[in-house]
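Asks: Residue numbers (the numbering used here), protein chains in the order written: chain A, 1 to 112; chain B, 1001 to 1115.
A few of these clues could be false.
Said to hold, decoys possible - Pairwise CB distance ranges, derived in the manner of DEER restraints:
id, chain 1, residue 1, chain 2, residue 2, range
1, A, Gly16, B, Asn1101, 47 to 55 Å
2, A, Ser24, B, Ala1038, 42 to 50 Å
3, A, Ala78, B, Arg1081, 49 to 57 Å
4, A, Ser51, B, Val1030, 18 to 26 Å
5, A, Arg54, B, Thr1113, 37 to 45 Å
6, B, Glu1071, A, Gln14, 33 to 41 Å
7, A, Glu15, B, Gln1017, 42 to 50 Å
8, B, Gln1017, A, Arg41, 50 to 58 Å
9, B, Gln1017, A, Ala78, 45 to 53 Å
10, B, Ser1058, A, Ser111, 37 to 45 Å
11, A, Ser51, B, Leu1055, 35 to 43 Å
12, A, Leu75, B, Gln1098, 29 to 37 Å
13, B, Gln1084, A, His57, 42 to 50 Å
14, A, His57, B, Arg1015, 32 to 40 Å
What the hints contain is simulated information worked out from the structure, not anything from laboratory work. Ideal Cβ positions, reconstructed from N, Cα and C, are used throughout, including at glycine.
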Amino acid sequence: SQQGEEDPQALSIQEGENATMNCSYKTSINNLQWYRQNSGRGLVHLILIRSNEREKHSGRLRVTLDTSKKSSSLLITASRAADTASYFCATAPNTGFQKLVFGTGTRLLVSP
Amino acid sequence: GAGVSQSPRYKVAKRGQDVALRCDPISGHVSLFWYQQALGQGPEFLTYFQNEAQLDKSGLPSDRFFAERPEGSVSTLKIQRTQQEDSAVYLCASSRRQDLNTEAFFGQGTRLTVV
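Here chain B stands alone, though its shape is the one from the complex (with noise of 0.2 Å):
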């Protein structure tokens, strides 16, 4: 596709069930993000790759929070033991350069609704 792709776009998990969130980013993007978003809020950043490494990791709310890339493409952002404070919005973003001097492509989103 075209665009970052998210999946699945809406999660429902019961309090204390492990979730994994998968982004598609644009082919040959070299940064990729991931924020989280709560209602009404701007969106808090996560944790970024530049390729498959990643550089920052600060804004992972807990060591519950876990986000790979192994291959540099796809990313995968995990959470276990969900809470009722994890629901939120979760979006990636992909970026054809390693600094931010471009603009970041977002995908759509997965809602995160814990139960």
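Here chain A stands alone, though its shape is the one from the complex (with noise of 0.2 Å):
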């Protein structure tokens, strides 16, 4: 079963606009990361926030972490078309096997 769920579950704006995508999890993590698919392709690591982290930033991505609420979100700055993919959280447990846990996904489309 997956860990988490994003919010919302599909977002359209327009070019240079700013996307926020929330995630909420369930059990105690280690860190959490932030992936995107495009169509038809494999997952992309976006971004890392470790569990003693609150923000993070790496270009257009700015990540916020809050493990007292268990969630997480992704803001992507000024947005292009090439942004246009699903986006998804992932999060590594602080206990047991190693395994990323994933949501399921905002779908993101970015128009010209």
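Hints in hand, dock the two standalone chains.
Replies: Now the structure itself:
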């Protein structure tokens, strides 16, 4: 079963606008990662945030993590048509065997 | 190659047929994962290898699914007596470390269609 849920399930915006996606998860984590998946292709790692971090930036990406609420958000600023993809959060547990547990994903459409 | 390579990219199998899906991870990567992704869903964990040892197979849906990584590099996911519900994209990922404090690199996946 999947660890978390992402919200919204789908998001449609214009180029230049910001896109915000949220992820909620259920259990204690070591870190949380965001991945992008273009249609029919594999997943590409975007950013990793550790459980003791609250915010992280990478280029046009900004990720926040609130472990007390078991939630994270991914902000893409000044979006481009090339950002059109599905975005998944994935959690790495802090106990037990190592496996990334993925959320249900947000489908982002950026129109020119 | 520089990335994770999976073959075949597409596989159509008749119900009841056995299939084998191959994954070539990035050279030197210790960890290897298999995931199953249904249409419109997120990837679901199947199994995890650390070198040649299969440390977690809790996600394999049934005993028709079997995975191996005999020399700690290439891995094969085998599905016996395929059924329609096995239709999905099967993703392989590798990571250079034993833990998950680093990114995982995914292959393009194998799209399996059982007819």
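Asks: Evaluate each hint against the coordinates.
Replies: Right, here's what the structure says about each hint:
no., hint, verdict
1, A:Gly16 x B:Asn1101: 47 to 55 Å, "35 Å, violated"
2, A:Ser24 x B:Ala1038: 42 to 50 Å, "21 Å, violated"
3, A:Ala78 x B:Arg1081: 49 to 57 Å, "51 Å, holds"
4, A:Ser51 x B:Val1030: 18 to 26 Å, "22 Å, holds"
5, A:Arg54 x B:Thr1113: 37 to 45 Å, "44 Å, holds"
6, B:Glu1071 x A:Gln14: 33 to 41 Å, "51 Å, violated"
7, A:Glu15 x B:Gln1017: 42 to 50 Å, "46 Å, holds"
8, B:Gln1017 x A:Arg41: 50 to 58 Å, "26 Å, violated"
9, B:Gln1017 x A:Ala78: 45 to 53 Å, "49 Å, holds"
10, B:Ser1058 x A:Ser111: 37 to 45 Å, "41 Å, holds"
11, A:Ser51 x B:Leu1055: 35 to 43 Å, "22 Å, violated"
12, A:Leu75 x B:Gln1098: 29 to 37 Å, "32 Å, holds"
13, B:Gln1084 x A:His57: 42 to 50 Å, "45 Å, holds"
14, A:His57 x B:Arg1015: 32 to 40 Å, "49 Å, violated"
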